[in-house]
Amino acid sequence: MRLSELHTGETAYILKVNGNGAFRKRLQEMGFVRGQEVKAILNAPLKDPIKYEIMDYEVSLRRSEAVMIEITMLREEVEQKKKQWQSDAEIHMDESFISRTGESSESIVQENRQHKVPKNIKVALVGNPNSGKTSIFNLASGAHEHVGNYSGVTVDAKEGTLHHQGYTFTLVDLPGTYSLAGYTPEELYVRRYIVEEQPDIVINVVAASAIERSLYLTTELIDMEVPMVIALNMYDELEQSGRKFDYRSLATMIGTPIIPTVGKKGLGIPQLLNEVIRFFASTQQQNASHPHIPYGRVLERAIEIMEREFQHIDITPFRLPLRYICIKLLEGDSEIERIIRQLPNHQNIFARRDKERAYIEKLLHEDAESAFTNARYGFIAGGLEETLSERRYFSETTRKIDAIVTNKYLGFPLFFLFMWIMFEATFKLGEYPMQGIEWLVEIIGNFVRTSMADGPLKDLIVDGIIGGVGGVIVFLPNIVILYLFIAFMEDSGYMSRASFIMDKVMHKMGLHGKSFIPLIMGFGCNVPAIMSTRTIESRSSRMITMLIVPFMSCSARLPVYLVFVGIFFSKYASLVLLGLYVTGILLAVLSARLFRKTLFTEEDTPFVMELPPYRMPTLKSIIIHMWDRSNQYLKKMGGPILLASIVIWFLGYFPRNMQREAAFDLQIETVKRSFTQNRIDEQAKNTMIADIEHIRMTQHQENSLIGQIGKFIEPVMRPLGFDWKISVSLLSGMAAKEIVVSTLGVLYAGNDDNQTSLQQRLKAETYPDGSPVFTPLVVIGFLLFVLIYFPCIATIAAIKEESGSWKWAAFSIFYSTGLAWMVALLVHQIGLLVAS
Amino acid sequence: MDIQLIIVFIIGIAVAVKLGYEIYKFFFVKKDSPYCNGCTMCKIPDTKTKA
Chain A
2 MRLSELHTGE TAYILKVNGN GAFRKRLQEM GFVRGQEVKA ILNAPLKDPI
52 KYEIMDYEVS LRRSEAVMIE ITMLREEVEQ KKKQWQSDAE IHMDESFISR
102 TGESSESIVQ ENRQHKVPKN IKVALVGNPN SGKTSIFNLA SGAHEHVGNY
152 SGVTVDAKEG TLHHQGYTFT LVDLPGTYSL AGYTPEELYV RRYIVEEQPD
202 IVINVVAASA IERSLYLTTE LIDMEVPMVI ALNMYDELEQ SGRKFDYRSL
252 ATMIGTPIIP TVGKKGLGIP QLLNEVIRFF ASTQQQNASH PHIPYGRVLE
302 RAIEIMEREF QHIDITPFRL PLRYICIKLL EGDSEIERII RQLPNHQNIF
352 ARRDKERAYI EKLLHEDAES AFTNARYGFI AGGLEETLSE RRYFSETTRK
402 IDAIVTNKYL GFPLFFLFMW IMFEATFKLG EYPMQGIEWL VEIIGNFVRT
452 SMADGPLKDL IVDGIIGGVG GVIVFLPNIV ILYLFIAFME DSGYMSRASF
502 IMDKVMHKMG LHGKSFIPLI MGFGCNVPAI MSTRTIESRS SRMITMLIVP
552 FMSCSARLPV YLVFVGIFFS KYASLVLLGL YVTGILLAVL SARLFRKTLF
602 TEEDTPFVME LPPYRMPTLK SIIIHMWDRS NQYLKKMGGP ILLASIVIWF
652 LGYFPRNMQR EAAFDLQIET VKRSFTQNRI DEQAKNTMIA DIEHIRMTQH
702 QENSLIGQIG KFIEPVMRPL GFDWKISVSL LSGMAAKEIV VSTLGVLYAG
752 NDDNQTSLQQ RLKAETYPDG SPVFTPLVVI GFLLFVLIYF PCIATIAAIK
802 EESGSWKWAA FSIFYSTGLA WMVALLVHQI GLLVAS
Chain B
5 MDIQLIIVFI IGIAVAVKLG YEIYKFFFVK KDSPYCNGCT MCKIPDTKTK
55 A
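Going down the list, the protein sequences come from chains A and B.
Residues in the first sequence are numbered from 2 upward in steps of one, following the numbering used here.
Residues in the second sequence are numbered from 5 upward in steps of one, following the numbering used here.
Be aware that one or more of the hints could be misleading.
Stated by the list, open to error - Okay, derived cross-link-like pairs now, DSS-like style, lysine-lysine, Cα gap no bigger than 30 Å in a straight line: (1) 22(B) / 356(A); (2) 459(A) / 686(A); (3) 572(A) / 764(A); (4) 636(A) / 22(B); (5) 40(A) / 356(A); (6) 509(A) / 29(B); (7) 801(A) / 29(B); (8) 22(B) / 459(A); (9) 505(A) / 459(A); (10) 29(B) / 637(A); (11) 245(A) / 401(A); (12) 572(A) / 22(B); (13) 123(A) / 22(B).
Please keep in mind that the hints were generated in silico from the structure rather than gathered at the bench.
The shape of chain A in the complex, shown without the other chains (with noise of 0.2 Å):
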């Protein structure tokens, strides 16, 4: 029987994990190994994927994949075949363990500040994804680095600094990763970390609500003897649900010291360092000894023969334990093959490895690469057996909510529901505190107005500095509304379920549900989304998602929609405003599948993903997100934006032409004397020189600097409807998305002697001819340039950081701008002609 025939609801045991490489070692890793009770909860709401339990967490698969898995509903066969798998590995405890807990922390912190121990320790933190190492980085560092309830949230190290205790801790955040196995970016970017920079300690953050799952990495750990603490994260989760786990006697099995902690609310940080100093402490004044995962008899001799093939060789520059390196060797890691290849007797040392792997699959019915992950949760459930009582309480909470959610109905009307809900928020109650900004803007810039003699300086400031910063200032409220929604469906989980339903359609797109995370986060900012698709396994994938992420609406994007929705389509803004997000989202979905069709054609890598368990967002953690959004917005304000405007006002307003401007107030000087003889009156004096300062204004633009680089892109974008100042907006955009409204600000700068809105002065903007240059046509094809042309330097950089070539960032350039043309094209040419 196969897993995908598994009804929901239905409990089976797993016999064996089909399929090779990258896909069965990732299954495997995730608790899909041999014996394992798993469960079919729910389907998605288009059948697939599906949602399974297995070892206390829980995990969707496509249908495709779980017909990988072989499994048994009869408990019987599954305990016989135990037995069997038993009696072949001989896998049990035995004397190699070393204990190196028992000692009081504080005493020991006590009588290290007798002994001469460095000060300074650099400390890593390494654990599954979500199991809670940056909460306890944030908490223990002081830092504000972001957390959320899916995985994948930490695509990078960082690394932030505390005093305890009189020491000076460096601690560093790595990625989440489920096993140091290498088939995975991060898999290979921790190892690489651990092995590279050597850090002293090694905090391993488990997840007391998936423990079994999560000691998988613990066990890779001590095989690369790495001097550990475990720290026993969530350990309230696991408390709630009446379990009794005797981690002291674990801690004892394992030789690694195990504290309980509670990341969110900072519960075990100070015993958590206390024992790192301690642990750091006796690697320092004696020669640590390490202890060893016992994988039975038949892979400890095939370890111990290929150890003694290395016999005569140095290979201290590898860094890592002969040990490790044998049993990457027999598991085929192909990082450790490529290490090996630089020594010259390689060829007797593959020899000899193909050689004992073969002896292992015919030994014990499986290849090497199972035997060992097997062996390994073989162990985990030994020690857990001893220490660890069975659940008492079950959360039905997260099982209800999903039900709802995850509904074949519900499922996707509730999710654009939920969108539709960040929108009119965004919009409608931004509105409120916009205002206010707004008309302090106002304020400040009759003030100046009004103070100051005219002059150029008066002109920089007025137009250039209160035109341009303040015309993007006023969206901050609009921006912080957007990110408490985005941070809300981070925080509670349900970004994970919105892969979930989503995976159908993105396996219909080339991409699976994974690739669902980047482009959610890419509403925030495209930046962090394309450094996230290092969690997308496949290549292929990661770089279709990398690619097709520029079309997500990030919010620098929100301030030039909002300036032209709220004039143009007030009505129905936020239905606009979705409008613009869904067109992104399908326009991401049909370049998708033309680059799968065209640039990647390669099959794409299993859908397992797992998904947390609800938790409630603190309002800690949501304010300190609206915080430092706000934060650097206002940073962002006083940076690129600053200068972007200062930069345009200069172009726009050099070179002077004295002639020409000697001309116009000559002009004006003839209106007035005509009204002071009476010859017109004033109203008439009054149009007439707004008129001639309109002209005069208007000619001036033309013949600046900024006015020639526009005349000289226009013809391009006049078929779309756009004058020069638009065309030059969206050049200077090219910075940073918000830089387009601070360029609008400073061009389109009025002719009023009062400061109005950037909004009111876009309105009242006319041809020579009187027609208005912002019809709802070309602000529609304006929207949909803005979309779809690439959002920023920092995006295109990151493209090519993550892609690894300047080939990728230059083709996301050139596509995403000649979409972009074509599609504002369309728009217009196909307006006009509906309208004629």
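Got chain A; can you put chain B on it based on the hints?
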């Protein structure tokens, strides 16, 4: 010369220098913190990143 014009020129020179430096940094300086390639939207106070 008009005092306002002099101040505007000084601001212009300062902005040009800053802009030139930023462009130089983008293309020629190897970043200490290559995380996010210099995008500061997610930059964390009091922490530095390590490649």
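message: For each hint given before, does the structure comply? Return the numbers of the non-compliant ones in rising order.
response: Per hint list: 1, 5, 6, 9, 12 and 13 violated.
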